[in-house]
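A.B. asks: Sequence:
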Amino acid sequence: MVRNIRAIFNKVPSGPLDHHEVFKYDETSLDIESVPLDGGFLVKVLAVSIDPYMRNRMRPAGISGFAVARVLRSEYSEMPEGAVVYGFMAYQEYVIFASPTSSALGMTGLNLRILENKYNLPWHYFVGVLGMSGQTAYFAFNYITEPKSGTKLNFLSSLAVQYAKMLGMKVISSCGTDEKVKLVKSLGADHVFNYKTQNTGPINVYLDCIGGATLEAVLNNVAMNARVALCGMVSQYENTSNEGNYGVRNLWLMNKNRVRMAGYIVTDWLAKYDEEFFREVPRKLAAGEVTYLSHIHHGLDSVGSSMEEMLRGGNIGKSVVILDESAL
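Numbering (my numbering), first residue to last: 3 to 330.
If you're looking for bench data, these hints aren't it; they were derived computationally from the structure.
Idealized CB from N, CA, C, for every residue including glycine.
Check each hint, because a few of them may be wrong.
As the list claims (entries may be wrong) - Using 20 angstroms as the maximum straight-line C-alpha spacing, the simulated EDC-like pairs for lysine to aspartate or glutamate come out as follows:
hint : residue 1 : residue 2
1    : K46       : E77
2    : K13       : D303
3    : K198      : D180
What the hints assert, rightly or not - Distance windows between CB atoms, simulated:
hint : residue 1 : residue 2 : range
4    : G41       : R5        : 22 to 32 angstroms
5    : G41       : M226      : 50 to 60 angstroms
6    : V4        : M256      : 26 to 36 angstroms
7    : N257      : R285      : 41 to 51 angstroms
Work out the full structure: start from the sequences and follow the hints.
C.D. replies: This is the structure:
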């Protein structure tokens, strides 16, 4: 018998997240050798991803998100024992699936997939630089925003900075702390500023994960024919009423400057660019051409505190929770 710890929501937050109130953890016993699989497969979760979009999915139930796991037992022909899989799953130590689509919420981009790891990279990379967040940066700039050599880009992601420089772009990056400013400068950005104290421009391409006042500041500094991809709006996720939302006051500048703005969900682009991503990015990581920054916590009981830290901007790099040391 093994312990099967699960992270669940204790209550739906009504404002800024307090992990002591919002999260709780329960524990059951599981006989991994004899538990019925009913044609499905049993996995041991190795690492889970902590992402801003999860704030909008908080409900009084178990937590789910992107994770990597190892198949321990299987009665499902396409999921052999020993395979390492990636996809959407419950945040608990052991999970039984009826099929690879069981937890995908009807979205093919969330289906479980068997991972190839020809460069022997740490498995937790697949919930970071090789997972949804890394794909967001890669797809958004290579295809969504039509980058060109010499174009000025503004974004906060350390990965996006590096991809942009590979394409010959001039990178103007914004960060929320002076510590992060120094870090992003070290990755090759041409100019880095603290968006809480300084504005800059003109900006040709902006990948927005913040929204609110930051988006408004960008629109005050856009170049003619700028492109804006809306990847998320973490500054607005903890508002509980329309009165608390930040209304961007200068949208008219989009018309003046012929700005093209579009919403962007990474799973919409997987079918078209997934194969290229996994052909190119693991190779670049193994060769040292891309630097990956991860912010690691250990143990399932750190899911709540790591999410609160991430929403406050306290993480340096991609937030990941390690459940099994083999993921490192």
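A.B. asks: For every hint, state whether the structure bears it out.
C.D. replies: Against the structure, the hints come out as follows:
no.: 1; hint: K46 x E77; verdict: holds (15 angstroms)
no.: 2; hint: K13 x D303; verdict: holds (16 angstroms)
no.: 3; hint: K198 x D180; verdict: holds (10 angstroms)
no.: 4; hint: G41 x R5: 22 to 32 angstroms; verdict: holds (26 angstroms)
no.: 5; hint: G41 x M226: 50 to 60 angstroms; verdict: holds (59 angstroms)
no.: 6; hint: V4 x M256: 26 to 36 angstroms; verdict: violated (55 angstroms)
no.: 7; hint: N257 x R285: 41 to 51 angstroms; verdict: holds (43 angstroms)
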